[in-house]
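Student: Sequence:
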Amino acid sequence: MSQTLFSAVGGEAAMRTLAVHFYDKVFADPSLVRLFARPDEDHAGRLAAWFTELTGGPTLHSQTRGGFRTMAMSHFGLKISEAQRRQWIAYMREACVECGWPAAITDQFVGYLNTHSNFVVRESNTYPKVDLGRHRVL
1 MSQTLFSAVG
11 GEAAMRTLAV
21 HFYDKVFADP
31 SLVRLFARPD
41 EDHAGRLAAW
51 FTELTGGPTL
61 HSQTRGGFRT
71 MAMSHFGLKI
81 SEAQRRQWIA
91 YMREACVECG
101 WPAAITDQFV
111 GYLNTHSNFV
121 VRESNTYPKV
131 DLGRHRVL
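In terms of my numbering, the sequence shown opens at residue 1 and continues consecutively.
Treat the hints with care, as some may be off.
List time: in silico EDC-like cross-link candidates among lysine to aspartate or glutamate, alpha-carbon distance up to 20 angstroms [stated by the list, open to error]:
#, residue 1, residue 2
1, Lys79, Asp107
2, Lys129, Glu94
3, Lys25, Asp131
4, Lys25, Glu94
5, Lys129, Asp107
Pairwise CB distance ranges (calculated) [claimed, not checked]:
#, residue 1, residue 2, range
6, Ala28, Arg69, 28 to 34 angstroms
7, Gly11, Lys129, 29 to 35 angstroms
8, Asn114, Gly10, 19 to 25 angstroms
9, Asp131, Gly111, 28 to 34 angstroms
10, Lys129, Ile105, 30 to 36 angstroms
11, Thr4, Glu94, 33 to 39 angstroms
12, Gln3, Asn125, 34 to 40 angstroms
13, Pro30, Gln3, 24 to 30 angstroms
14, Pro30, Pro58, 30 to 36 angstroms
15, Asp40, Lys129, 14 to 20 angstroms
16, Asn114, Pro39, 20 to 26 angstroms
No lab work stands behind these hints, which were simulated from the structure alone. Where is the CB? At the ideal position from N, CA and C, for every residue including glycine.
With the hints as constraints, model all of the structure from the sequences given.
Tutor: Right under this line is the structure:
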């Protein structure tokens, strides 16, 4: 069996570290922080849980937040622009590099997110905002 990306980068701790580095950048950027109703540390935990599941680790996000459906709905109505999407991707790549991820793994991960983020942008501009609060949607 081949190693998952989750295992290759160091598991849950690595995903948490990546999310913290990433949100340090996002929350310092006026064009991106405005997308967050409550920019707080919990965002890093939720993103780390999503990335853990996405990269072959435990299904933390599905168990605690509702998985893909919740992730998609959390972006509804945000009207994310293409420029914001590109900056989000750039910050994610920078965070991967800062965390010492190998170039090939960074390229694979960011490539997936680049494709996935197009869906998120489309959804954010198609559907009205949904108040999920801090509750999961199953």
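Student: Work down the list of hints and note, for each, if the structure agrees.
Tutor: Each hint tested on the structure:
1. Lys79 / Asp107: Roughly 27 angstroms separates the two Cα atoms, so the pair is violated.
2. Lys129 / Glu94: Violated - the C-alpha atoms of Glu94 and Lys129 are around 29 angstroms apart, more than 20 angstroms.
3. Lys25 / Asp131: violated, 25 angstroms
4. Lys25 / Glu94: With a Cα-Cα distance of about 9 angstroms, the restraint between Lys25 and Glu94 holds, given a limit of 20 angstroms.
5. Lys129 / Asp107: violated, 32 angstroms
6. Ala28 / Arg69: 28 to 34 angstroms: holds, 30 angstroms
7. Gly11 / Lys129: 29 to 35 angstroms: Because 34 angstroms falls inside the window, the suggested range holds.
8. Asn114 / Gly10: 19 to 25 angstroms: holds, 22 angstroms
9. Asp131 / Gly111: 28 to 34 angstroms: holds, 32 angstroms
10. Lys129 / Ile105: 30 to 36 angstroms: holds, 34 angstroms
11. Thr4 / Glu94: 33 to 39 angstroms: violated, 23 angstroms
12. Gln3 / Asn125: 34 to 40 angstroms: Because 37 angstroms falls inside the window, the suggested range holds.
13. Pro30 / Gln3: 24 to 30 angstroms: Taking Cβ atoms as reference, Pro30 and Gln3 lie about 39 angstroms apart, which means the hint is violated.
14. Pro30 / Pro58: 30 to 36 angstroms: Cβ of Pro30 to Cβ of Pro58: about 35 angstroms, so the range 30 to 36 angstroms holds.
15. Asp40 / Lys129: 14 to 20 angstroms: The hint (14 to 20 angstroms, Cβ to Cβ) holds, given that Asp40 and Lys129 are roughly 18 angstroms apart.
16. Asn114 / Pro39: 20 to 26 angstroms: holds, 23 angstroms
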